[in-house]
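Peer 1: Take a look at the letters that make up each chain.
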Amino acid sequence: MFLSWMAWTWQTALFFILIVLALTCMAIWEYKSPGGGPRDGVLGLHTTRGDRLFISLLGSGFIHIFWLGLTDLPLWGASIVAVVYAIFVFRKV
Amino acid sequence: MINKTINQKAWFMVLPVLALVAFNAIIPLMTVVNYSVQETFGDNLFFWEGIKWFEEVMRSERFHDALGRQLLFTLLILLIEVPLGVGIALTMPRQGIGVTICLVLMALPLLIPWNVVGAMWNIFALPDIGLLGKMLNGVGFDYNFTQNTFWAWATVVAMDVWHWTSLVVLLCYAGLRSIPDAYYQASKIDGASSWQVFRYIQLPKMKRVLTIALLLRLMDSFMIYTEPFVLTGGGPGNSTTFLSIDLVKVALGQFDLGPAAAMSIIYFLVVLLLCWVLYTLMMRNETN
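Listed in order, the protein sequences are those of chains A and B. Yeah, the first sequence ends on 93 if you go by the working numbering, and it's all consecutive. Yeah, the second sequence ends on 288 if you go by the working numbering, and it's all consecutive.
Chain A with its partners taken away, still in its complex shape (with noise of 0.2 Å):
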């Protein structure tokens, strides 16, 4: 197969396909309502909600090697820590 270099696994590619459906409702969300909801967050920072999308991934892949290089507890902990923050960057950031 000629994408056999790749090296693909199903667990990667559902990783891919999650972050081009997240890409996919953006851009709905911004046909549907153009502008990208600017605003001045908690944070101090002016965001769009292309901005939090990306804060939010970045933080998650943080949250991610960080849960791996200081605990034992199970990743899905994590997972859980990260929606949490995603959900804080949505709303408040």
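One should not assume that every hint holds.
Unchecked claim - Here are some chain A residues pointing at chain B (derived, C-beta under 7 Å): (1) Met6; (2) Ala7; (3) Trp8; (4) Thr12; (5) Ile65; (6) Leu68; (7) Gly69; (8) Ala78.
Stated by the list, open to error - Pairwise CB distance ranges, derived in the manner of DEER restraints: (9) Gly36/A <-> Ile27/B: 46 to 52 Å; (10) Arg177/B <-> Ile87/A: 27 to 33 Å; (11) Leu111/B <-> Phe88/A: 46 to 52 Å; (12) Lys4/B <-> Pro74/A: 49 to 55 Å; (13) Ile80/B <-> Ser79/A: 49 to 55 Å; (14) Pro204/B <-> Gly50/A: 29 to 35 Å.
Honestly, the hints are just simulated from the structure, not real lab data. Using N, Cα and C, we set each Cβ at its ideal position, and we do this for glycine too.
Once you have looked at the hints, place chain B on chain A.
Peer 2: Coordinates of chain B only, in the frame set by chain A:
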């Protein structure tokens, strides 16, 4: 009231760039993510390992040390290059033939390829035959960048300062040149000292270009590879093994693609965070 027509068709114009970025960035990055959760022994055979490599890298002393060295290097060169660049830009002539001469001299180090800079400094700093090495040993220092950690660091930092301070100088000089003469005349009438002129006129006017210079130097220094690799090869020992050098050692030297991929992703996240922080600061400055 004007009713603006919203036309999203222009997005199709972005498609060629998207295709290009997909081939040179997104697809390789996806492959790295795939590698990061697997083990391979070659022959395109992969075995699922899950989060093992991330756990290993995040707890590895070697990674912590390389990251620490990388941060220290970045901090050192920023602390030297930014004030030095501003200082040189302030002393550069504003008119006459001197402007051209200074600009050409300043641009020269930026035109030299990175591996040539490394090779040049390697020869320049050799303790027995290099001009710098021989001179330092001649005046009584025990200089040997291939065996002494302090001198290896000093040489790598000096090389980066030599190579990249010009960039800060040129950006700051452009910022200084954009200040209208009226500002200087007003400050003269008010009897402002040269420090006050710098603090209240030149520095605020240079703020934007300085932020860009800081951002560029931060990112470049954080991803530095070629120059220290050619100069010291990461040594003596591992003392100048920065993140990128360590990454190449793991990926190509040891052919540990899984741990190297996990390390790349963590490295990428750190770079992305730094970029975002600086970009946010820059945009905030612009808004203000």
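Peer 1: All hints, please: hold or fail.
Peer 2: Hints, verified against the model:
Satisfaction of the interface hint for Met6/A is found here, the shortest Cβ-Cβ separation to chain B being roughly 5 Å, below the 7 Å cut-off. At a threshold of 7 Å, the smallest CB-CB gap from Ala7/A to chain B is about 4 Å, leaving the interface hint in force. Below 7 Å, beta-carbon pairs count as interface contacts, and Trp8/A has one with chain B at about 6 Å; its hint therefore holds. Here the hint on Thr12/A is kept, as its CB sits about 5 Å from the closest CB of chain B, short of 7 Å.
With 7 Å as the threshold, the beta carbon of Ile65/A comes within range of chain B, its nearest partner Cβ sitting at about 6 Å, so the hint holds. The interface hint given for Leu68/A holds, since its Cβ lies 5 Å from the closest Cβ of chain B, which is under the 7 Å cut-off. For the restraint placing Gly69/A at the interface with chain B, the shortest Cβ-Cβ distance is roughly 3 Å, inside the 7 Å limit, so the hint holds. With a least beta-carbon distance of about 10 Å to chain B, the hint placing Ala78/A at the interface is violated under the 7 Å criterion.
Our hint of 46 to 52 Å for Gly36/A and Ile27/B is violated, since their Cβ atoms are close to 28 Å apart. Taking the beta carbon of each, Arg177/B and Ile87/A are about 48 Å apart, not inside 27 to 33 Å as hinted. In this structure the supplied range 46 to 52 Å holds for Leu111/B paired with Phe88/A, their Cβ-Cβ distance being about 48 Å. The hint said 49 to 55 Å for the Cβ distance between Lys4/B and Pro74/A, and at roughly 51 Å that hint holds.
Checked against the given bound of 49 to 55 Å, the beta carbons of Ile80/B and Ser79/A, roughly 42 Å apart, lie outside it. Between Pro204/B and Gly50/A the beta carbon distance is about 31 Å. The supplied range of 29 to 35 Å therefore holds.
Violated hints for the displayed structure, listed by number in ascending order: 8, 9, 10 and 13.
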